[in-house]
Structures are given as C-alpha cells and as structure tokens.
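Model the full assembly from the supplied sequences, consistent with the hints where possible.
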Amino acid sequence: AQSVSQHNHHVILSEAASLELGCNYSYGGTVNLFWYVQYPGQHLQLLLKYFSGDPLVKGIKGFEAEFIKSKFSFNLRKPSVQWSDTAEYFCAVRAISSGSARQLTFGSGTQLTVLP
Amino acid sequence: GEEVAQTPKHLVRGEGQKAKLYCAPIKGHSYVFWYQQVLKNEFKFLISFQNENVFDETGMPKERFSAKCLPNSPCSLEIQATKLEDSAVYFCASSQSTSGGHNEQFFGPGTRLTVL
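In order, the protein sequences belong to chains R and D.
Numbered by my numbering, the letters in the first sequence go through residues 1 to 116 in order.
Numbered by my numbering, the letters in the second sequence go through residues 1001 to 1116 in order.
Because the hints were derived from the structure by calculation, they are not lab data.
Hints may be right or wrong, so weigh each one.
[Unchecked claim] Interface residues of chain D toward chain R, partial, derived using beta-carbon atoms under 10 angstroms:
(1) Y1022
(2) L1046
(3) F1091
The beta carbon of each residue, even a glycine, is placed where N, CA and C say it ideally should be.
Pasting the structure below:
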C-alpha cells in the first residue's frame, strides 16, 4: 500500500518569504499527485494536481509543485507567501493501477503560519 | 448541485448512541468517497461507491460502521454504538466517472462528530 510523508508539521514564515513544503510518497507504480489546502474552518480545496506531462505544475494562488519521479517527491512551492496563505496543506497520492476511482492517500499535513 | 453537500455540520452523540451522516455528491458524479479526519491530522479512507455499489470498503471498521448510496437519495454513513475514538470530522468526496482516469475528487465541508 502506498504512503505519503510530509516531514514539516508546522512551518512559520514572514510575509514575502519563499515557501517549500516537502512531500514524498512510496509507491512503485503510476500515480496522480495532489496538493489540497484547508483554510481555518473551511473544507479541503484543490491547489494543484499532476497527472502526466510537464512535471512542473502550476496551481491557483501562485502555488506550483514539481514532480521528481526519481525522488518520489512532489514538493509545493510559492515564491512569496501572504498572510492569507495561513492554512493546513495536505499532499495526496492516488495509485492508478486499478483505474480512475481509487481513493486518495493523504499525508499528515503541514500547518503553515504566515506572520504579517 | 455544483458542490458536495454534507449534513449535519455538527453532530454530538453519547457513547453507545447511533450516528448517521449524509452526503449529496455533485450531480453527475458517479463515485463517492468517505474519509475520516481525526484531530486535524491525516485523512483515513473508509469506503467508496460507484453509484449505489460498494467499490472499495477496505477502510471500514465493519463491526459498527455501515454506508449506503441509494438511487435518488443522499449517501449515508452510519455508526452504530459510537465510541469516543469515533470523534472526528467525516468528509465526503465525489468524482466524475470517465474512462480516462483523470478524476479529481471534490470534497464536502465535512461533518464534525463529537462522541461524549
């Protein structure tokens, strides 16, 4: 079974700092990769996704992520964070060996706090 | 509808009581997923449906948990004889049925279950 590791549990940055959140997964087959964000009191929203093609994926709100297959990684980046980016960030993986409807496996999340 | 709807928003039960949660997937989506999030940590997959058929129930604690997706009705997740450790936020997600395997899961706002 696949697993997802997010090594940073809590990241604190000042506004305008650059962000990189780590995500590694363990699965030898083909995967779809996702980053979701959960703002305080709100439900999960999709930031970006990777299915195939260009390993550098651009998402909403200035976020991007790079899929490095050799490292089993899908790190999330943003060049300049804002106070409004304060939220919990979840990396998720879906193994697609069995078709399109497989469930997502989530990492444990990274709480990002951006100081004004 | 255009969003996954979940009711109720909050549910409080005494230990041993029954709890029933509901999910209305996005119209036209054939797949429904239930996840459990304990203490704002990682999401645990419970069960998935393809229309009214169980697709994958490997995550379900079968002794007390059951779920259904009946035609023309919201999907439901029922917990018989709740325990303290069932306290969590239960998220429902839905995805579209296609043959391509590129299906994004859209999440509902969740139901917060508190077992006292």
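Comparing the hints with the structure gives:
no. : hint  : result
1   : Y1022 : violated, 15 angstroms
2   : L1046 : holds, 9 angstroms
3   : F1091 : holds, 7 angstroms
Hint 1 alone, counting from the list given before, is not met by this structure.
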